[in-house]
Amino acid sequence: MIAGRYNKSHRWYYLKEQTPSEITLIKCFDSRTDGCARLSLHSAFHETGCPPDAPQRQSIEVHAIVLDEE
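In this note's numbering, the protein residues as written are 2 to 71.
Hint data in this document are derived by calculation from the structure and do not stem from the laboratory.
Keep in mind that this is a model prediction, so the values were computed, not measured.
Here a beta-carbon is modelled for each residue, glycine too, at the ideal position from N, C-alpha and C.
Some hints could be false.
Unchecked claim - Here are the simulated EDC-like pairs of lysine to aspartate or glutamate, each with C-alpha atoms no more than 20 Å apart in a straight line:
# : residue 1 : residue 2
1 : K28       : E71
2 : K28       : E70
3 : K28       : D54
4 : K17       : E48
5 : K17       : D54
6 : K28       : D69
Said to hold, decoys possible - Estimated spans, in silico, between C-beta atoms of each pair:
#  : residue 1 : residue 2 : range
7  : E18       : E71       : 31 to 39 Å
8  : P53       : H11       : 13 to 21 Å
9  : Q19       : L42       : 28 to 36 Å
10 : G5        : E48       : 17 to 25 Å
11 : E70       : E18       : 13 to 21 Å
12 : D69       : T49       : 38 to 46 Å
Work out the full structure: start from the sequences and follow the hints.
Printed below as a string of structure tokens:
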């Protein structure tokens with residue numbers, strides 16, 4: 002398990018009103034050490050302004066190993 006620590010260079014994104022036809026892909030780990038992000042934090046929270054009858058979030062989680070020639 003990896004714990005996150007505050008860094009002023011971190012950027013956070015909130016996807017408000019994302020529709021079912023919009024996809025979010027999060028790269029959670031990369032074995033390359035070329036300076037690009039090697040991993041990312043993923044979190045969730047309860048949005049207090051959400052109506053009680055709002056549909057719940059649906060999620061599909063896919064694990065993949067991607068190999069390339071580099």
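Hints, one by one, checked against the model:
1. Using a Cα cut-off of 20 Å, the hinted pair K28 and E71 holds, with the two alpha carbons roughly 18 Å apart.
2. Annotation: proposed proximity of K28 to E70 holds, straight-line Cα distance about 19 Å (limit 20 Å).
3. Of the pairs offered as hints, the one joining K28 and D54 is violated, with about 32 Å between alpha carbons and a cut-off of 20 Å exceeded.
4. Pair hint K17 plus E48 holds up; C-alpha atoms about 11 Å apart against a cutoff of 20 Å.
5. A hinted pair counts as satisfied when its Cα atoms are at most 20 Å apart, and K17 with D54 qualifies at roughly 17 Å.
6. For the hint pairing K28 with D69, the CA-to-CA distance comes to about 16 Å; that is within 20 Å, so the pair holds.
7. Checked against the hint of 31 to 39 Å, the pair E18 and E71 passes, with Cβ atoms roughly 38 Å apart.
8. Distance hint check for P53 and H11: the Cβ-Cβ separation is about 32 Å, which falls outside the suggested range of 13 to 21 Å.
9. Q19 and L42 have their C-beta atoms about 19 Å apart, which leaves the hinted 28 to 36 Å range violated.
10. Between G5 and E48 the Cβ separation comes to about 20 Å, which falls inside the hinted range of 17 to 25 Å.
11. A hinted range of 13 to 21 Å is violated for the C-beta pair E70 and E18, which are about 40 Å apart.
12. Judged by the Cβ atoms, the range 38 to 46 Å given for D69 and T49 holds: they are separated by roughly 43 Å.
The structure does not agree with the numbered hints 3, 8, 9, 11 stated previously, though it agrees with the rest.
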